[in-house]
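Undergrad: Residue-level listing of the chains:
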Amino acid sequence: MAVTASAPPRGRRKKAPGRGGMSRNAGSDTRAAYLFIAPAIIGFTVFVVYPLIRSFYLSLTKYNGLTDPVFVGFDNFRRLFTVDPAFWPSLRATGYLVVLYVPLSLAIGLALAMFCNQRFAGVRIVRTLAYLPVVLPAVATITLWKFMLNPQVGLVNTILEKLHLPTSSWLGSSTMSMPSIVLVMLWGVGGTMIIFLAALQAVPTELYEAAKVDGAGSASVFFRITLPMISPIMLLQVILQTTAALQTFNQPKILTGGGPGFSTNVLMLSIYNNGFSNLGRIPQLGYASAQVWVLFVIIIAVIALTAKFSSLWTYSDNTPD
Amino acid sequence: MRNTRVKTKIIGTALACAGLLTATACGGSDSGGSADGPVTVTVMTWESAETNAAIKKALEGFKDDNITVTMVDTPSGGYGDKLASLTQAKKLPDLFWCGNDTEQQYTSQGLLVDWSKRITDGEGDFKADKFVGSAIENWKTADGQMGGLPSLMNTYGVWYNADAFKAAGLAEPKTGWTWDDMYSAAGQLANKGGAKYGLVADQLTSLDGPFTMSMYSVSAGGAPFTDNVNHPTKAEADDKFTEGVTKLVDSIKSGAVAPPGYDASNVQALFSAGKVPMMFGGQWLAAGFQTDKPKIKYGFVPFPQVTTPATLFDSVGICTPQYTANEDATYKVLEYINTKVWDAVLPASPVAPPAYTPAQESYYNALTKAGQTTVVDTVKADLAAEKTVGVRFTTQWASQVGDLTTAMYQPILTGKKPVSDLPAYVGKINDLIKQAG
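Just so you know, the sequences run in chain order A and B.
UniProt numbering puts the first sequence at residues 1 to 321.
UniProt numbering puts the second sequence at residues 1 to 437.
Bear in mind the hints are in silico, worked out from the structure with no lab data behind them.
It is possible that part of the hints are untrue.
[Claimed, not checked] DMTMM-like mimics (lysine to aspartate or glutamate), calculated; alpha carbons at most 20 Å apart, straight line:
id : chain 1 : residue 1 : chain 2 : residue 2
1  : B       : Lys192    : A       : Glu161
2  : B       : Lys140    : B       : Asp121
3  : B       : Lys340    : B       : Glu361
4  : B       : Lys247    : B       : Asp208
5  : B       : Lys91     : B       : Asp328
6  : B       : Lys428    : B       : Asp208
7  : B       : Lys428    : A       : Asp75
8  : A       : Lys253    : B       : Asp81
9  : B       : Lys90     : B       : Asp114
10 : B       : Lys253    : B       : Asp181
11 : B       : Lys90     : A       : Asp68
12 : B       : Lys297    : B       : Glu172
13 : B       : Lys434    : A       : Asp75
14 : B       : Lys380    : B       : Asp129
15 : B       : Lys91     : A       : Asp68
16 : B       : Lys174    : B       : Asp377
17 : B       : Lys196    : A       : Glu161
18 : B       : Lys340    : B       : Glu60
19 : A       : Lys62     : B       : Asp431
[As the list claims (entries may be wrong)] Not the full set, but computed from the structure, chain B residues with beta-carbon under 7 Å of chain A:
id : residue
20 : Gln88
21 : Gln105
22 : Gln109
23 : Gly261
24 : Tyr262
25 : Asp263
26 : Leu270
27 : Gln396
28 : Asp403
29 : Leu404
30 : Thr406
31 : Ala407
32 : Gln410
Note that this is a predicted model, so its numbers are computed, not measured.
C-beta: ideal position from N, C-alpha, C; glycine also.
I would like the entire structure built from these sequences, with the hints used as guidance.
TA: Written out as structure tokens, the structure reads:
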């Protein structure tokens with residue numbers, strides 16, 4: 001059917017321009033949009049915002065989860081920083097873990113990725129083997145490591161003895177316990193490797209070819225091409241690994257229970273012990289909430305600092321002129 | 001950032017769930033029925049699958065038309081976590097195994113039924129005076145309430161490898177041996193026959209170490225580490241206590257005794273394999289040895305003494321939440337467990353002497369029949385010991401004392417801090433006692 005130029009099309013009329021407001025279509029679309037994002041907003045409010053506010057409130061109370069919370073102001077924080085003999089050692093253990101684990105996991109992950117980025121027969125098998133520990137159940141592998149690190153009957157000391165090398169009590173020594181935990185954590189470095197591998201494969205090959213033509217050495221290629229090109233991914237990895245290290249729980253819980261002394265009593269383990277598991281004792285949920293907030297602030301601060309100084313060492317081709 | 005959100009989501013969700021559970025829990029155990037009709041009484045233990053099966057079978061002998069007894073399945077291990085979650089959800093079974101510290105803390109929060117009147121004024125033989133006296137006393141709170149009843153006694157001593165003693169030309173330890181005898185033997189047994197240390201004494205070096213050391217000072221005529229584990233007024237490290245700690249430090253330094261941090265999780269297996277010549281431990285290990293049959297010849301002897309016999313003393317028991325559906329029915333089952341069930345369970349698995357003394361005979365008979373006569377002698381000696389000390393504080397702030405012990409006492413044992421730091425450590429504990437009122 002022909003439509004004359006003078007006859008407006010049937011249906012809703014367009015609002016005259018310049019009169020403000022939304023068309024009925026636009027209003028309907030907006031309502032639909034709100035409906036679609038409503039579950040996410042409700043979920044975020046219920047599962048993030050509310051617990052955040054609630055946990056902050058609880059951090060200001062003496063609360064055991066059984067009787068009503070009693071408001072005590074900042075007493076929990078005062079106890080944490082001035083009275084609790086476990087807090088500063090826990091913070092130290094957490095810091096030690098981060099300092100030891102993050103650089104090692106990045107270095108080993110990158111080295112593995114570079115190795116697996118080569119073309120050689122069986123590279124797929126090597127990649128699979130490197131990634132395999134990541135998909136195995138964490139508790140099972142950590143328990144296995146506990147057996148292997150047993151000072152009397154463990155495989156590690158048995159091998160060292162056969163090689164006439166010095167043995168250690170590993171998890172039972174306050175100096176070796178944290179390095180042992182980091183060793184077990186590095187077992188899962190395949191996850192880091194996979195992300196680095198993806199980053200390496202995204203580096204344009206022309207750059208390497210040009211460098212080859214210019215006669216650049218392998219070290220020069222690594223530091224002047226590879227590293228800058230993957231630096232945004234490196235930043236992501238630094239943030240992810242640091243956050244993960246700050247939240248380490250499984251390994252110290254299963255391997256050492258936080259000991260010997262406070263050598264592996266990281267913050268997450270301390271929070272868990274105070275808030276949830278105290279061998280049948282009354283929980284201290286208010287106190288644990290205060291610890292949660294301290295950890296939360298630390299994580300935010302670390303991420304903020306990392307992001308702030310990232311421009312000094314990361315390369316981006318999206319930087320505006 | 002995403003990980004931070006995930007973290008807060010997890011913590012927040014857990015807290016929210018705890019709040020929601022507290023707010024919405026129906027306020028009752030799983031028991032069905034009412035005071036006028038049939039009632040189900042639920043029972044939860046921390047025992048092994050074998051012992052649970054024996055208990056379940058024994059409970060079939062409980063006959064009451066209006067009462068059904070049901071065992072609640074529990075995971076092997078993680079009992080403390082399970083208990084905590086059931087407590088917060090207000091879903092505790094009618095009868096659940098609990099330690100003395102749990103009973104004290106839960107009772108003080110008003111979570112448990114007070115059985116003190118029933119056990120004192122009740123009819124028949126099931127009365128307080130038929131229980132081991134110290135157990136009943138330890139299960140009373142400061143105001144005389146009893147949120148549960150003691151069921152089994154834990155006694156302690158030193159397990160020794162008789163073969164290792166013989167090989168080293170040493171006489172086997174006997175009741176009345178001294179702490180110097182023990183440390184001397186440990187020194188001579190160390191680094192022999194595949195053993196690194198002569199003595200593994202986790203109770204002396206772990207968080208409960210100061211309480212165990214009380215045995216030394218009390219035996220020497222000194223003061224215990226604390227005057228009361230349930231409602232203490234002070235902690236003390238007098239000259240005798242300091243003397244005991246000094247001897248322990250020297251023995252750790254010489255390599256005779258395993259230091260704090262020694263992984264004691266598989267010490268029982270190592271003892272059975274002949275790689276630990278002496279270890280502190282409880283009588284409950286006898287049940288495992290009876291099943292596993294170590295290849296070594298072993299024995300169990302009371303703790304050493306200075307002048308007077310002294311020992312550790314504690315008991316485990318059975319508690320009941322205050323929201324149990326029918327107190328009378330629950331108490332009937334509780335009475336049945338204490339008076340009848342052990343007779344059926346302990347011969348197969350002699351884990352501990354019952355706190356209800358008329359039920360102890362089956363335990364001793366089982367051990368004697370299995371040839372574990374040194375265990376019988378030591379348990380009897382422990383139960384008759386003139387001087388006893390508690391194993392740890394049962395207070396709500398006990399975990400804070402544990403942190404102080406880790407920070408101050410254990411470094412003393414390893415030589416990282418001087419023994420002269422003991423008063424500072426005890427001073428901090430006394431500060432906690434004062435704060436707790």
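Undergrad: Does each hint hold? Answer for all of them.
TA: How the hints compare with the structure:
| no. | hint | result |
| --- | --- | --- |
| 1 | Lys192(B) / Glu161(A) | 17 Å, holds |
| 2 | Lys140(B) / Asp121(B) | 15 Å, holds |
| 3 | Lys340(B) / Glu361(B) | 12 Å, holds |
| 4 | Lys247(B) / Asp208(B) | 17 Å, holds |
| 5 | Lys91(B) / Asp328(B) | 19 Å, holds |
| 6 | Lys428(B) / Asp208(B) | 16 Å, holds |
| 7 | Lys428(B) / Asp75(A) | 18 Å, holds |
| 8 | Lys253(A) / Asp81(B) | 13 Å, holds |
| 9 | Lys90(B) / Asp114(B) | 17 Å, holds |
| 10 | Lys253(B) / Asp181(B) | 17 Å, holds |
| 11 | Lys90(B) / Asp68(A) | 15 Å, holds |
| 12 | Lys297(B) / Glu172(B) | 11 Å, holds |
| 13 | Lys434(B) / Asp75(A) | 17 Å, holds |
| 14 | Lys380(B) / Asp129(B) | 18 Å, holds |
| 15 | Lys91(B) / Asp68(A) | 18 Å, holds |
| 16 | Lys174(B) / Asp377(B) | 11 Å, holds |
| 17 | Lys196(B) / Glu161(A) | 15 Å, holds |
| 18 | Lys340(B) / Glu60(B) | 11 Å, holds |
| 19 | Lys62(A) / Asp431(B) | 19 Å, holds |
| 20 | Gln88 | 5 Å, holds |
| 21 | Gln105 | 5 Å, holds |
| 22 | Gln109 | 6 Å, holds |
| 23 | Gly261 | 3 Å, holds |
| 24 | Tyr262 | 5 Å, holds |
| 25 | Asp263 | 5 Å, holds |
| 26 | Leu270 | 6 Å, holds |
| 27 | Gln396 | 5 Å, holds |
| 28 | Asp403 | 4 Å, holds |
| 29 | Leu404 | 5 Å, holds |
| 30 | Thr406 | 6 Å, holds |
| 31 | Ala407 | 4 Å, holds |
| 32 | Gln410 | 6 Å, holds |
Every hint, counting from the list given before, is met by this structure.
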